[in-house]
Every structure is written in C-alpha cells, then in structure tokens.
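K.L.:
Sequence:
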Amino acid sequence: MGFPEDIGVIDTMMGTTAGTTGKNRYAFLERALKDAESANMNFPAQYMFKDVPFSDQARDTDGNLDEPPQGPDLLLPFMDRCNVEIAMVGIPASGEGEGVRCVTQHPERFIPCHEPDPNDGVEAIRTIRRLHDEFGLKAVTAFPSGRMPQVPIDAPLMYPIYALCCELDIPIFCCAGIPGPRVPAAPQHVERIDQVMYDFPELTFVTRHGCEPWEDLAVKLMLKWPGLHYSTSAFAPKHYPKAIIDYANTRGADRIIYAGYFPMGLSLDKIFQQLRNVPFKNEVWPKFLRDNARRVLKLD
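Its first residue numbered 3, the sequence shown is counted upward by one per residue in this note's numbering.
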C-alpha cells in the first residue's frame, strides 16, 4: 500500500507567519545568539535548510519585501492541497495574533498550544491555566535551549509546568537534542528526559526536533517509559533517523507522531512529496499521520 492518500493528517507543529514578519517570532532568542550570521537569518536555524519557505520574497517597486499571506490565509491552501486536516499552532500569552485567529476563525482545522517561559515562575502557570480555560489549550510546548537564561529539561523551573500538564491532562511537546540555533545544547540532552519521566509517570512527553545525536537513546527511553513519544518536527522526511523508522516498524508504532516545519523551514509540499519514500510498514502510516496525535491530544 505505501503512503495512504486518503488519511486526513494531523500536523503537530505548524507556524502561523512567514516572510520578514516571521522573523519577529524569534525575538526572544536575540539576546542568546552571539554570532553575526544568525542576526541576518529569517529564522535562527536557517543555515540548516535549503530553499527556506518565504525567506526571499520579491520586492515591490519601492524596494520593500512583499509579504506572503499570514495565519489561516497562508496555511489553509497548503493544508488542503496536502490533505492536512488539523494543525497545531502556537498562541501567545497575549491571546492575540495569527495563531489565535487560526483557532478562533477555523476551530475545526486548528488546535492551540502555548510555549511558556519557565523563568516567569508562577506567572507562566497562570498563563497556561488562562489559555486553557479561554481557548481549550491542547498542549504545552518547550524549547529548553532557547530560553534566556536557559532552562534544562529536568530543571526545577520545569517541574510546576509538568505537574500542571498532568493536572490538565495535556501533553508537553519539548525540543530535545542538538538545537538548530547557535545556542548551547546541554539543556536538551535526551538523557535528562529519564528523570522527568521517573518523577512524573502520568506525564505525556513528546520530543521535538529529532533528539540527534541521541536518537538511539530516545528509542531506549521510549521502550522504558510508556508516556514518552517522538515527533518528527523540523526534519525533512528523507532525513528521518533510521533508529526512529526501525522503532516505528517494530515496537514503536504507537509512539512516533508526524510533525512538519511549515512555514519556518520546510515547504509542506516538499514534506509530503518526500513522505512517500519513507519505508514505514502499511500498518504504521495511519498511526503516524493521524491516530497517535489524535490520542495524545485527546481530539476524540
């Protein structure tokens, strides 16, 4: 059978802005980046991707960059073309912006997540509760190496957030492995997840951004902890780690979750073109593209 054309896909990582507007999404990282090249990138890991979507827009007669559409106007045409039924998008603490426009104008197509800053302490907890009450928050996200100061996966500042995720019965999607932006990687070592899963056995923890170069360790920990999952965000399908494909095809079919990286670094069209060459077994595809995300995000 191979890649199934008739499955309504759930994408667990999609951005909401593109072009020069998209650069504003990474303002929180500016203080942490020290190299000059990063300051001129459309997003901080741009050096890792070829043909970054919307990074070079045509200029108008006044020399200004033409912006692509934003929010649902940008995303829905691509989603419809690639049969993406639902996408998870981030919403800020302000309760405003393109992500909020997505989930309020098209609630059948977009579900909200939020990335708090653990350095905000109790205020981060209040924000998660408020967004959960107001928008039906489906997940919390985390970028341990991207905070200033950095907050490791197993840091005490993260524990109230993990506890709240357990209380609200929502998952956390957390970057793990070497980060793309040029910031220290130690806070995202996959080994740190082990202690978190021990302390929070009820937690549903989904890794983002590959876990490299510790993907074998990620598989070992998924075998150990039933609440631990892996999502394929920020990876072109042709670069999915072999250890992850092998795990999905054997004991891990229920643990590997599709996630894209559009419009930040990968075209949705390119992702779905390459997906057709991923050697998943027939029975893995529905779980990978839809069922695992539906279960973890409690979309039923």
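Keep in mind that a hint or two might mislead.
FRET-style restraints, in silico, Cβ to Cβ [said to hold, decoys possible]:
id	residue 1	residue 2	range
1	ASP248	GLN276	17 to 23 angstroms
2	ASP37	ASN251	38 to 44 angstroms
3	GLU32	ASP248	37 to 43 angstroms
4	PRO94	LYS36	21 to 27 angstroms
5	LYS222	GLY10	28 to 34 angstroms
6	PRO151	GLY4	44 to 50 angstroms
7	ARG278	ARG128	18 to 24 angstroms
8	GLU39	ASN251	35 to 41 angstroms
9	PRO158	GLY4	16 to 22 angstroms
10	GLN197	TYR49	28 to 34 angstroms
None of these hints come from the bench; they were simulated from the model.
Just so you know, even glycine gets a beta-carbon here, dropped at the ideal spot from N, CA and C.
K.L.:
The structure should be examined with respect to each hint, and the outcome stated for every one.
P.N.:
Status of the hints after comparison with the structure:
The hinted range of 17 to 23 angstroms is satisfied by ASP248 and GLN276, whose Cβ atoms lie roughly 18 angstroms apart. At about 39 angstroms, the beta-carbon gap between ASP37 and ASN251 stays in the expected band of 38 to 44 angstroms. Between GLU32 and ASP248 the CB atoms are about 39 angstroms apart, so this pair conforms to the stated range of 37 to 43 angstroms. Between PRO94 and LYS36 the C-beta distance comes to about 26 angstroms, which sits within the given range of 21 to 27 angstroms.
Distance hint for LYS222 and GLY10: a CB-CB separation of about 33 angstroms, consistent with the stated range 28 to 34 angstroms. At roughly 47 angstroms, the beta-carbon separation of PRO151 and GLY4 lies within the given 44 to 50 angstroms, and the hint holds. For the hinted restraint 18 to 24 angstroms between ARG278 and ARG128, the CB-CB distance of approximately 45 angstroms leaves it violated. The hinted range of 35 to 41 angstroms is satisfied by GLU39 and ASN251, whose Cβ atoms lie roughly 39 angstroms apart.
Restraint check, PRO158 to GLY4: a C-beta distance of roughly 47 angstroms breaks the suggested window 16 to 22 angstroms. Restraint check, GLN197 to TYR49: a C-beta distance of roughly 32 angstroms satisfies the suggested window 28 to 34 angstroms.
Hint check: violations occur at hints 7 and 9; the rest are consistent with the structure.
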